[in-house]
Amino acid sequence: MPSKRSKTHSIGGKHGATCDEFLALLNAYVDGGVDPAVCKDLEPHLAKCNPCRVVVDNVRKTITLFRNDAPCELPMAFRDRMHVALRKCWKKHGPQRRR
Amino acid sequence: MTAMDLPADNSTAEVKDADLVRAARNGDLDAFDLLVKRHERRIYGLARRLTGSDHDAQDVTQQTFLSAVKNLSGFRGAAAFSTWLTTIAANTAFKLARKRRGLPTTSLDAATDFGEDGRIPHPEYIADWREAPDRLAQRAETHRLLDAAIAELDPGHRAVFLLRDVEDLSVRETAKALKLSEANVKVRLLRARMQLRERLTRAFGDRMRRYKPDRHIHVRAGADAEEAVHA
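Chains as they are written, first to last, in numbering that gives the first Met the number 0: chain H, 0 to 98; chain L, 0 to 230.
Please keep in mind that the hints were generated in silico from the structure rather than gathered at the bench. Given the structure is predicted, the values throughout are model-derived calculations rather than measurements. Hints may be right or wrong, so weigh each one.
[What the hints assert, rightly or not] No farther apart than 27 Å at their CA atoms in a straight line, the calculated lysine-lysine pairs in the DSS-like style are these:
1) L:K175 with L:K69
2) L:K36 with H:K87
3) L:K69 with H:K47
Using the sequences plus the hints, can you model the full thing?
Here it is, written out as structure tokens:
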């Protein structure tokens, strides 16, 4: 029975990483956290597997779209109420001004 | 430092959060007010996506800043102020959701929800997007689609995605904020990313150049690549 490989060993054997192996490491690859030795096995797979390359690109664009989405405006009436409540709370519970 | 020490031209954009926090901890309400103005839209947006409700988002936002007032003296600055606020907002939203469902307000860990057999879904719809994110972001329908897509996620996956990928907390900070293990955060993040990718690619992908999925290979959540299960 083959022994369990450590994370620094290459994956996928002599034919390089497979799609399923790549998917398991997708998070780390997108975030740039893959062990460089493992990355060496993933890059050749990506170079020849268009679906996996596109999936990575899709995930990156998905994250970018959510991050850059327009900020939410607070309803004005709520904002005014909240600021009044915060000032009241500050008087009772806020840090005291140090002399 | 007080808010009076801010640049004479009132350009508060250059004043760092850390300086405003220091002034606020010294009792300067104007400094705290500036911090609220700086972060309120972000926190409200996060709360809206976490709760799915404008009304609940208002509750969560107000509770977040009230909590910040009450606990400001104890804030040591080990994490960024923005991270601290995000953590308070996430916890407040989570407690509110569980209270609404009549559940005890304990951690998300109990509901791991990896799916029936722990598999991460294989991508089905694979295609390059027709347009770049910056062009897509200019459209109102994109914003509506993002809202709909995030609402479709399991709440636990949604929270992880919002904190990690949108609010830019580290895996460790996300785990701490949601009282999850780091391993759990990573698995939920992968599920969230794949589900959102699928949804958005069906909307934005170039149908004429779609790739067929090679084969249905499923990877068990938390497994090494070597343990991939072939269907």
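Against the structure, the hints:
1. L:K175 with L:K69: holds, 21 Å
2. L:K36 with H:K87: holds, 17 Å
3. L:K69 with H:K47: Violated - the C-alpha atoms of K47 (chain H) and K69 (chain L) are around 56 Å apart, more than 27 Å.
Violation of the numbered hints given earlier is confined to hint 3; every other hint is satisfied by the structure.
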